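Protein chains: 2
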Amino acid sequence: MSDDGGRLDRLTAMLRRRGVILPAFEIHGGVAGLYDFGPIGGKLRRNVKNIWLQHWAKHGDIVEIDSPTLTPEPVLIASGHVGEFNDYMSECKSCNSVFRSDHLLSDHHPNPDVLPPEELNSLLIKMGVTCPGCNQNDWLDARPMNLMFETKIGAMRGGRTAYMRPETAQGMFMLFPALYRHFRNRLPFGAVQTGKGYRNEISPRQGMIRLREFNMAELEYFIDPEVVPSHDFSKWNSMPFNLIPDPDTSSPVSMSIRDASEKGIIRHPTVAWFMGWTWDFLVAVGIDPNRIRFRQHEGTEMAHYASDCWDAEIEGSYGWIECVGIAHRGCYDLGAHENSTGNSSLKAWRPFQEPKSVDKTILAGNGAVIGPAFREKANAVNAALAELSNTNQEYPFQLTLDDGSEVTIEENMIEMKRVVATEHGEWFLPHVVEPAFGIDRIIWHILDHCYIETEKSGESYTLMQLPEFIAPVNVAILPLMEKDGLVEVADLLHRQICSISDVSSYYDGSGSIGRRYARADEVGVPWAITIDHQTLEDSTVTIRRRDDGLQMRIEMDLLQSKLATGSISELF
Amino acid sequence: MSDDGGRLDRLTAMLRRRGVILPAFEIHGGVAGLYDFGPIGGKLRRNVKNIWLQHWAKHGDIVEIDSPTLTPEPVLIASGHVGEFNDYMSECKSCNSVFRSDHLLSDHHPNPDVLPPEELNSLLIKMGVTCPGCNQNDWLDARPMNLMFETKIGAMRGGRTAYMRPETAQGMFMLFPALYRHFRNRLPFGAVQTGKGYRNEISPRQGMIRLREFNMAELEYFIDPEVVPSHDFSKWNSMPFNLIPDPDTSSPVSMSIRDASEKGIIRHPTVAWFMGWTWDFLVAVGIDPNRIRFRQHEGTEMAHYASDCWDAEIEGSYGWIECVGIAHRGCYDLGAHENSTGNSSLKAWRPFQEPKSVDKTILAGNGAVIGPAFREKANAVNAALAELSNTNQEYPFQLTLDDGSEVTIEENMIEMKRVVATEHGEWFLPHVVEPAFGIDRIIWHILDHCYIETEKSGESYTLMQLPEFIAPVNVAILPLMEKDGLVEVADLLHRQICSISDVSSYYDGSGSIGRRYARADEVGVPWAITIDHQTLEDSTVTIRRRDDGLQMRIEMDLLQSKLATGSISELF
Chain B
0 MSDDGGRLDR LTAMLRRRGV ILPAFEIHGG VAGLYDFGPI GGKLRRNVKN IWLQHWAKHG
60 DIVEIDSPTL TPEPVLIASG HVGEFNDYMS ECKSCNSVFR SDHLLSDHHP NPDVLPPEEL
120 NSLLIKMGVT CPGCNQNDWL DARPMNLMFE TKIGAMRGGR TAYMRPETAQ GMFMLFPALY
180 RHFRNRLPFG AVQTGKGYRN EISPRQGMIR LREFNMAELE YFIDPEVVPS HDFSKWNSMP
240 FNLIPDPDTS SPVSMSIRDA SEKGIIRHPT VAWFMGWTWD FLVAVGIDPN RIRFRQHEGT
300 EMAHYASDCW DAEIEGSYGW IECVGIAHRG CYDLGAHENS TGNSSLKAWR PFQEPKSVDK
360 TILAGNGAVI GPAFREKANA VNAALAELSN TNQEYPFQLT LDDGSEVTIE ENMIEMKRVV
420 ATEHGEWFLP HVVEPAFGID RIIWHILDHC YIETEKSGES YTLMQLPEFI APVNVAILPL
480 MEKDGLVEVA DLLHRQICSI SDVSSYYDGS GSIGRRYARA DEVGVPWAIT IDHQTLEDST
540 VTIRRRDDGL QMRIEMDLLQ SKLATGSISE LF
Chain P
0 MSDDGGRLDR LTAMLRRRGV ILPAFEIHGG VAGLYDFGPI GGKLRRNVKN IWLQHWAKHG
60 DIVEIDSPTL TPEPVLIASG HVGEFNDYMS ECKSCNSVFR SDHLLSDHHP NPDVLPPEEL
120 NSLLIKMGVT CPGCNQNDWL DARPMNLMFE TKIGAMRGGR TAYMRPETAQ GMFMLFPALY
180 RHFRNRLPFG AVQTGKGYRN EISPRQGMIR LREFNMAELE YFIDPEVVPS HDFSKWNSMP
240 FNLIPDPDTS SPVSMSIRDA SEKGIIRHPT VAWFMGWTWD FLVAVGIDPN RIRFRQHEGT
300 EMAHYASDCW DAEIEGSYGW IECVGIAHRG CYDLGAHENS TGNSSLKAWR PFQEPKSVDK
360 TILAGNGAVI GPAFREKANA VNAALAELSN TNQEYPFQLT LDDGSEVTIE ENMIEMKRVV
420 ATEHGEWFLP HVVEPAFGID RIIWHILDHC YIETEKSGES YTLMQLPEFI APVNVAILPL
480 MEKDGLVEVA DLLHRQICSI SDVSSYYDGS GSIGRRYARA DEVGVPWAIT IDHQTLEDST
540 VTIRRRDDGL QMRIEMDLLQ SKLATGSISE LF
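First to last, the protein sequences are chains B and P. So that you can map any letter, position 456 of the first sequence is 455 in numbering that gives the first Met the number 0, and since no number is skipped, the others follow by simple counting. So that you can map any letter, position 93 of the second sequence is 92 in numbering that gives the first Met the number 0, and since no number is skipped, the others follow by simple counting.
Hint data in this document are derived by calculation from the structure and do not stem from the laboratory. None of these values were measured; they are calculated from a predicted model. Some clues are possibly wrong.
Given that identical chains are not distinguished, each listed pair holds provided it fits within a single copy or across any two copies.
[Unchecked claim] Below, computed lysine-lysine pairings styled on BS3-like, alpha-carbon distance capped at 30 Å:
| # | residue 1 | residue 2 |
| --- | --- | --- |
| 1 | K376 | K416 |
| 2 | K482 | K346 |
| 3 | K195 | K151 |
| 4 | K125 | K355 |
| 5 | K92 | K151 |
Taking the hints into account, I'd like the entire structure generated from these sequences.
What follows is the structure, given as structure tokens:
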């Protein structure tokens, strides 16, 4: 942790005291790695999520979905999580305490979480790492521990193993057939999901950085690998990004993402394009643009199927922290689910420029059986059968028709036929580019970057300089005193402002006005409104700007209409 | 299930085919009771949740929070869920199959889920209920099965039992101290949370009605039981509600909620008031007002601590279904957590009209220890000690100071003192009124009520008459043909509309215009926009209204500005 003179502790204490972010279940003793968003933080979280969703919705080819967090085991076997979503644990032979192997090595290696177990074991010996419990250096070999929370769906003997999802991405892969229908069979398109993800950390640390339950926001963007994308990079052309490429290929550079893409440092244009959109989002919600960098995964660090992966890292009180990962995942995910289920609905259709003649074997419907069995659907069944690429089906199997409905095909309905067919296109597995955002880490860094410690009249004073459009409270309503009818006017104005869609206000009636300004500034309320005796006469109030204390008088009606259109700052 | 001529099946098939709501994990065989919101449903779910949040935020004394779904066991022991959140299961002696006892009795009792186990057992015998597996009537005594999904937090020997939350309410109770600080120690106030809840149903049935993972939205409203609330019922005065009171007290009636409250049929004014707000919400999002009723829990059905509970039931394809519960829970929840933790921060302060003199024992700080130990905080520590009502503390204990920070108090810091004190008020446990909404069930009934089957040119035709402000897609963009430059204009308009906050558009370029109108009508798109050759000349488009097919030409700029302000309907 950086030597910040206690700033991190003061920030954390303020966030807890004011109900922004605080340890969960505290009255029952708390649980490491579980946090609440409190009366101020709840709205901050919603604002950041909504802005994230709007950031992608405006593309026009990206839709929102929502899938369950409870996930049956076969899905996570197919995805690789049951086998591979592990941390390595080292057990002390002397006192039997268990620790994460990479944590034991954090002072001895820059990136110990990417090391294979043999290297973890040998480094523990070589570096003489001692047990934090008993100070011995005598370790058992590192063992993998799966990081998913396990449970059972259903009762007793009928129970099936399930896990709380480690990521939201699988929901989008599961829905690929519905997405493909929705977009009328045309790539590219994407789906986003925001929601909870889970990771059974052994020893959560660093506040909001390592959580056991976290807010994720992921986009899966499906593309045809044979189509060269043409992205418009012009808005970022004059904007150098801090890039830390894989050291095997280049030294750290500062250059535009278009140049990095053209030079092959960023290996796929769509990855570069999403890096640009990621940068836009982070800066819009209040991250300091000078404390963002993009780091490319090294070969050893990257999943074997991925062809490129960049992390957006943000610098804050805990150093440089990965907050977004942008990965080109190839066809790994859809292919893995296709292989494990035999389901053929995870492919997309690519028309040929010119039709081709091919000699092939197809499953043809046996008319004498298909007709009576499916009646008016018989033609649709024949068409779907003819398009099956896999002619080695196990019977009976489920066949998905063009309209999305399913029928059961028995062996006697089928004849194998050798035909010379004219093919107009082919089925293929789309590739996926995935930007995955850790919303809690981003919120933490927004708060960290916007938190300003300063002085006022010789006393320490703090400000939270949140961008206005993510501020959880937009205005503070402060009656000069709680008598003479000021409370009634203030309360009515407060409720009227709370009725404006997406605008929120809080009422604070106690203490000196200076003290109340300070309370509002501390949690980033952009505008403080004072109701005084003049308000009773002419319906004007004093509005004060958070960041410089500048004040002016305006009519309450104007205040409300400016709040409704998000344009108060135009008054100043 | 009602005899609806297959309407329910057709609706369900449409929702699945169009990606509104569909069974989750289907390519892996699916899991009963788990559903996805697809490319159309995802936005519908978000719209309904956002409107629900705004419905409460506008009160001005209700804030949003978010707490973890993973919940450590002690919290759910205190809340009563570990002991009592059960279904009764009956096992067949003959074939060992296990069923929910109340499901076995559903044809023999109107409300079998409220029966105690002895009655379940005797009814199974008396009614001769046979095993669906082997047709024998030979049952073991009904056993309770807990309905929570269980898991472990942490690894190996350090693992602690936890459950996926069965409701979101506990998060608001845990945060009571932060809420009380946020509202500057003044009741009444409330907190809302939307999020996932979990229930390990033995045999989920009825589509979206019984889910294993569901979307909840709950409000906990904290009140002082000694303050008589004065709610304004005037907006509902001329509006009779369908009420089904506890049969012990009254027959079904239709009357205003003010009258029902004054006559004591609704036993607390705040419950009546929330019934009004609940009605407003349901009607606003598209529920048919004639298919809403409020049913009061009978004595046997109501939790022992609750003093009144009303369910808002909605009539649809599955009969009358409970979709909202509005319960006066007394001080049960805060008291239960106080009892189990000894934590004293769950109380609120009630000032006396006149100060009282009382003779009492207090914990006084031993100045010689407190001063050096806490320095500038010593006064705050003494003040907090003097306010502790429990003088039988176990040492050391954590003391919460006025500013929300905590200090550790050792036994040597304390002296017991008998004092005559002037008391200005007292600490008490607030009462809670809780409206709890089942978002999935409400969304289901919106779709059910808005789904219209009709005819057009002699063919069956379906419309989804969603209110415009919850429609997941606001406009459909339809180029008359995909050539002559119409695609480019349509695509640009589509993307511009998607850039408007909270407005969404979809592009549909294939098939006849009539067929494309039908596809848009089927999922409730309120406005269909056709781009034709005239558009290229004068930038006008044809806009068609979903519910009556009425069309007019307007300029694209006007279309966009009307969409941004939600006021397109003013054009017609």
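Ascending list of hint numbers which this structure does not respect: Number 4 - this is the single hint that the structure violates.
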